[in-house]
Amino acid sequence: MPEIRVTPLGAGQDVGRSCILVSIAGKNVMLDCGMHMGFSDDRRFPDFSYITRSGRLTDFLDCVIISHFHLDHCGALPYFSEMVGYDGPIYMTQPTQAICPILLEDYRKIAVDKKGEANFFTSQMIKDCMKKVVAVHLHQTVQVDDELEIKAYYAGHVLGAAMFQIKVGSESVVYTGDYNMTPDRHLGAAWIDKCRPNLLITESTYATTIRDSKRCRERDFLKKVHETVERGGKLWARWPGGAARGSSRAGLPPPLQVLIPVFALGRAQELCILLETFWERMDLKAPIYFSTGLTEKANHYYKLFIPWTNQKIRKTFVQRNMFEFKHIKAFDRAFADSPGPMVVFATPGMLHAGQSLQIFRKWAGNEKNMVIMPGYCVQGTVGHKILSGQRKLEMEGRQVLEVKMQVEYMSFSAHADAKGIMQLVGQAEPENVLLVHGEAKKMEFLKQKIEQEFRVSCYMPANGETVTLPTSPSIPVGISLGLLKREMAQGLLPDAKKPRLLHGTLIMKDSNFRLVSSEQALKELGLAEHQLRFTCRVHLHDTRKEQETAVRVYSHLKSVLKDHCVQHLPDGSVTVESILIQAAAHSEDPGTKVLLVSWTYQDEELGSYLTSLLKKGLPQAS
Amino acid sequence: MAAHLKKRVYEEFTKVVQQQQEEIATKKLRLTKPSKSAALHIDLCKATSPADALQYLLQFARKPVEAESVEGVVRILLEHYYKENDPSVRLKIASLLGLLSKTAGFSPDCIMDDAINILQNEKSHQVLAQLLDTLLAIGTKLPDNQAIQMRLVDVACKHLTDTSHGVRNKCLQLLGNLGSLEKSVTKDAEGLAVRDVQKIIGDYFSDQDPRVRTAAIKAMLQLHERGLKLYQTIYTQACKLLSDDYEQVRSAAVQLIWVVSQLYPESIVPIPSSNEEIRLVDDAFGKICHMVSDSSWVVRVQASKLLGSMEQVSSHFLEQTLDKKLMSDLRRKRTAHERAKELYTSGEFSSGRKWGDDAPKEEVDTGAVNLIESGACGAFVHGLEDEMYEVRIAAVEALCMLAQSSPSFAEKCLDFLVDMFNDEIEEVRLQSIHTMRKISNNITLREDQLDTVLAVLEDSSRDIREALHELLCCTNVSTKEGIHLALVELLKNLTKYPTDKDSIWKCLKFLGSRHPTLVLPLVPELLSTHPFFDTAEPDMDDPAYIAVLVLIFNAAKTCPTMPALFSDHTFRHYAYLRDSLSHLVPALRLPGRKLVSSALSPNIMPHEDPSHQFLQQSLERVYSLQHLDPQGTQELLEFTIRDLQRLGELQSELAGVADFSATYLRCQLLLIKALQEKLWNVAAPLYLKQSDLASAAAKQIMEETYKMEFMYSGVENKQVVIIHHMRLQAKALQLIVTARTARGVDPLFGMCEKFLQEVDFFQRCFIADLPHLQDSFVDKLLDLMPRLMTSKPAEVVKILHTMLRQSTFLHLPLPEQIHKASATIIEPAGESDNPLRFTSGLVVALDVDATLEHVQDPQSTVKVQVSYPDGQAQMIHPKPADFRNPGPGRHRLITQVYLSHTAWTEPCQVEVRLLLAYNSSSRIPKSPWIEGGEMSSQVETSIEGTIPFSKSVKVYIMPKPARR
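Residue numbers (full-length UniProt numbering), protein chains in the order written: chain A, 1 to 622; chain B, 1 to 964.
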């Protein structure tokens, strides 16, 4: 029985360290190769020894597919390919291929240079690893080998994120990676055609959430930023006449600044675009800065991969590339002290270290300033503390920092919510669904919903647990044109809805199947035709002579089988089509006649019908 | 002699046997009188290969065929069709047959038999499809012939089983277009069984080819369009198609469902997998809502659009479309909109947001959560945040239409519309602002909503701001704080974008007059009056101060207590503004002041009828007067013209008619004057100098006729005939005058020929109207046409002269609605003393902002003219996108004009004005034959002449010499 087997090495009932093994029709594919944010020991990488304890992984895996450049989806790649050892192809989209090494390098720097870890992969390893990458285009079908093919679909989420269809023959699996069903300011929505895979492996980060319209979020965000930046120019409720105008200028409040700590690549771009277009629209002058480094490097690639962005950016990039920001400039340490309103994007996102924390300390004292947290903060970080309302923070060196600035929280997440997941399942129409990348409790709810609404079975394996799905692959069979035409001539046009019966011979020869007419099959195989006849004796109680019985049988059959050719042959036998019926006297009982019915294998249906008919006896002659 | 005889013999032959034509010199024949059919025949016979034949056919298709010769051409084509072996040639012939049968004035029933005949023997699927298309053309040409229709339907049914999708498509199309509407069979069609067209088409909803499925649905829709009532059973069939694999099928199915839901809104359908039943329209609404989240954007656009027109849907279904039932971690969560509303009602607006402010509240029952509901849940929420702006616009439009029909829905959708003001695409923002304006009667803005609306005032796009001003004109604000906020934001807008002055003032005018009671408590603060102290008098020229005053004065109109709060200088300012900006400042009943001139306005209305009568009478008087002595006629004309002009000034609604008639009379007057000149009798050489008057008159008449034809909207064909007739007379006059003054005959030849061509052209264009022009100049002219053709120029001139003098005065029928096109340039205002300085040789952009009234098709007709002091003039064609259409009959042109010149020693003024370009040949109806041909497009773009229709504005510029 053919089957599809799926084993998550990471992201099974968990978020982070995405790594899923799929074996489909004898091919083994690894989907994503991520690291876990929460661990810094061995658990941060998937346990590749599950695949093989010794030897290189290349012998066991046909290919590796990376869905997008976030570290929890590609972080373990250099370790996997260079340190454990894998030489096969690694597939990813072009933007992922471009941006992935930047993130890996950054990750390596933090781990090695800052935390001082040994036995970590090196820059050279990242480079070597990236050499194994094969780039794929959207909707391009890539033949990994003769049988295995993969195809990428747009997934939203971040630039270059893709969903992958893995197909062997008629069996297929779709892996979504992370995706977003609502478009945002720089990316479109995920889309897939009705590919009806055997299995859909989908993320389920927001399995139990239905999100509010993104417009409210955006509006709120822009309003907050705008208000803070503009507060100095608040207009009085009077026309700005001479005296009033002067006083309002004299009372200009001190510099007003907005700090936006960002972490995830992609979110930063989204917020930048949002602010940039708003600045453009409203003709605002206050400067916007973003911290140099990662975002800046990545932004370079965002400029290049315009086809991967949303409709608006694609349509307008001829006039102006939206990622060539007019109002957003690179940040310099000295700017933090300069007067006047400004907006600053700084890393890291949880305010636990680095530039964002430095700026935060400078600005926290002014109640007119504001910090906007665009994402989730881990417990213990400064970000989490201020979000939970703490106003006095103890900094290193027993220093107490009083936070007077406004603290705002706004969630800009680019994962599909429960409704989005359901929408994607509806679009792809899979036979089975498998949930990964989410919390077990939340998955439970979604699993139940999917089973209820779509009536397909749904799985949610934990890490290391294997799900086995039996499949019934359809096997294509070639049919000879002659046979098809002959069969068509017999009946009406083929109707797509009704199956039709067809007589022919199936020839299986070097793993291809052909359906040919039996004559041709015999000819091809060089075999002589054998006739197979069934014979059957029917005892009839009839006292008359054999000839008379034969005549009676003849007249009876003639009356019953109106549309068959019934003949009475001169030798006393009766034929119905090719079926021969002979009457003979019973050797022992003269009152009983024996009818010998003989038919070929091809006429089985009619023959057995005749015997049953004759067994009922002949009608009494009048 | 023999040669001569031989020639005659051939001449005889050419008339009867076409085969013979080949033998003689075809070239010559074609030059003299080209016969379409003959030429085609020859070409086709000459063709040696299918490719050749195809070429000939293509060439043939470029030129139109007259109705008389169509039949002959068809016969020849058919003949070739039978002989032809190449399917591509047969295909072209079949398509030509279809084209030919569309020719006006040709009845295609004669070729139908042949077409059906060849259809039966055709093997190629493509040709079959094309032939069916031809039959469709024939069938649609003969909508009344029941028998033919039945026969065609029969043919279509026969070919429905074809294996090619193209043929099945065409068959279905044929059925959709011709399927019988009534069951009653007329006598001549009795032989054929009546078929149930709907049933037949319905069977093909499950065809294996998606294109055929689409065609089947389209055919069904076509039946509906033709007035056949679709069965309700189709609904279930169509619902199945909603989950089709192909987007075009789904898109068409959505339409079909919509149609059925409009036909049977009240019937009851069961909900699958439950015992409940709902109204069909609700069910359909739910299904279409579901399609708003389809995977194909084409379907999404279609679905969003159709949602708007489903007005019968029950309100709770409607309101579901805006509700997404948020949850977070399985707990119910309120939307940001709900929270904003709550904050507002609790009286605590503008609180800072706290972490966890949106923390989810109660637990949600897991079983009750329906993630993919059948209902309409959140359809608009999805539609409004769609990736494609086409879908978003469609959703906004749908919201607008639904909100207009349901006030409660309008209230609910407000939050969503307000959110759309922040869309990334300007078009969507603009559309949602317009939508909001349309539904503003049903809604009152909450303060927080107003806040969001007003934030958009800072948008750098002028269209957005102006749309918003218009929206504010007609919104209802609930509190005095709201008014205050609006004013503050508008003033902010004014300081940021001073060019919005007029629009903001207008907006405040309406804001004031709509909310007098809300403005009242704000007055002291707004005027910064103090109970004890006199405050400084504000600057009268400050646009912001004027804005505040406009608000207050308009509020004061319906609020008599308000003027008591004014200080002295306010009254003075009132008097000044009432004079200078009378359209913005209403007449107020102020204590101690008389109301001047307000009595006039209400009395105008009753006068309307008599004035119209007066117009009619004075015109009739003129028309009846043609036999009086010339002196009297002239005087009467002069008086009438004067009357009409005055009438036009007094009565704005009659201005168009009055001006139009006056112009016509003026033309007539000029013509009479020119013809009355005594000097006509003087011998030509002496005549020279005095001819000025006549030729000037001719020129002026020409100009006036162009104005009449192109500057008025609502001019109908019958007026155009008269105008052209007048122009023809002017041309005749011109010819006569030139004939008298010109030396030599040569130039006259050309002119005469040209004139005769014009007459011919006139006759061709207005052949239908000629009976109305009895006894007129052209009527007589056409009578004498044969003679004129052969006469010498001098003779022609003589005839023309007498005819002009004898010609009668044609009655100009008045059109129903006529408006004169006009334009006002708002910007540049022409007041600036500071010259625009720029380096010579480079360009400077000049912003031009103008309003156009009653201009048809401004995109192609309105041009900007810039004249430099050295007499050089440039015509600039504004881009089509520079025109906005703020209301019916009104247009707004906002464009940039580039100026450039060589260096000047001192600043000088250039004149900017708007021109109306015209092209008289564009009125001629085009034949369907050459649609899309290269010829026609050229004709349309060319400009024959221009009419200035705005006052010119002077702009001070100074090109400086370039520094080296």
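Hints are computed from structural coordinates only; laboratory data are not their basis.
Quick caveat: nothing in here was measured; it's all calculated off a predicted structure.
Be aware that a few hints might be false.
[Stated by the list, open to error] What follows is a set of in silico ranges between Cβ atoms, one per label pair, in the way DEER data are often shown:
#, chain 1, residue 1, chain 2, residue 2, range
1, A, Arg320, B, Lys501, 26 to 34 Å
2, A, Arg320, B, Glu944, 34 to 42 Å
3, B, Asp643, A, Arg320, 58 to 66 Å
4, B, Leu756, A, Arg320, 54 to 62 Å
5, A, Glu367, B, Arg462, 36 to 44 Å
6, B, Ala61, A, Met508, 51 to 59 Å
7, B, Arg462, A, Arg320, 17 to 25 Å
8, A, Thr141, B, Glu68, 32 to 40 Å
[Said to hold, decoys possible] List time: in silico DSSO-like cross-link candidates among lysine-lysine, alpha-carbon distance up to 30 Å:
#, chain 1, residue 1, chain 2, residue 2
9, A, Lys326, B, Lys501
10, B, Lys879, A, Lys326
11, A, Lys485, B, Lys879
12, A, Lys368, B, Lys496
13, B, Lys63, A, Lys223
14, A, Lys223, B, Lys506
15, B, Lys492, A, Lys214
16, B, Lys492, A, Lys223
17, A, Lys329, B, Lys506
18, A, Lys368, B, Lys480
19, B, Lys492, A, Lys368
20, B, Lys501, A, Lys224
21, B, Lys158, A, Lys223
Even glycine gets a Cβ: it sits at the ideal position worked out from N, Cα and C.
Cross-check of the supplied hints:
no., hint, in the structure
1, A:Arg320 x B:Lys501: 26 to 34 Å, "holds, 30 Å"
2, A:Arg320 x B:Glu944: 34 to 42 Å, "holds, 40 Å"
3, B:Asp643 x A:Arg320: 58 to 66 Å, "holds, 60 Å"
4, B:Leu756 x A:Arg320: 54 to 62 Å, "holds, 59 Å"
5, A:Glu367 x B:Arg462: 36 to 44 Å, "holds, 37 Å"
6, B:Ala61 x A:Met508: 51 to 59 Å, "holds, 57 Å"
7, B:Arg462 x A:Arg320: 17 to 25 Å, "holds, 19 Å"
8, A:Thr141 x B:Glu68: 32 to 40 Å, "violated, 60 Å"
9, A:Lys326 x B:Lys501, "holds, 29 Å"
10, B:Lys879 x A:Lys326, "holds, 27 Å"
11, A:Lys485 x B:Lys879, "violated, 62 Å"
12, A:Lys368 x B:Lys496, "holds, 24 Å"
13, B:Lys63 x A:Lys223, "violated, 64 Å"
14, A:Lys223 x B:Lys506, "holds, 27 Å"
15, B:Lys492 x A:Lys214, "holds, 28 Å"
16, B:Lys492 x A:Lys223, "holds, 16 Å"
17, A:Lys329 x B:Lys506, "violated, 40 Å"
18, A:Lys368 x B:Lys480, "holds, 28 Å"
19, B:Lys492 x A:Lys368, "holds, 21 Å"
20, B:Lys501 x A:Lys224, "holds, 28 Å"
21, B:Lys158 x A:Lys223, "violated, 67 Å"
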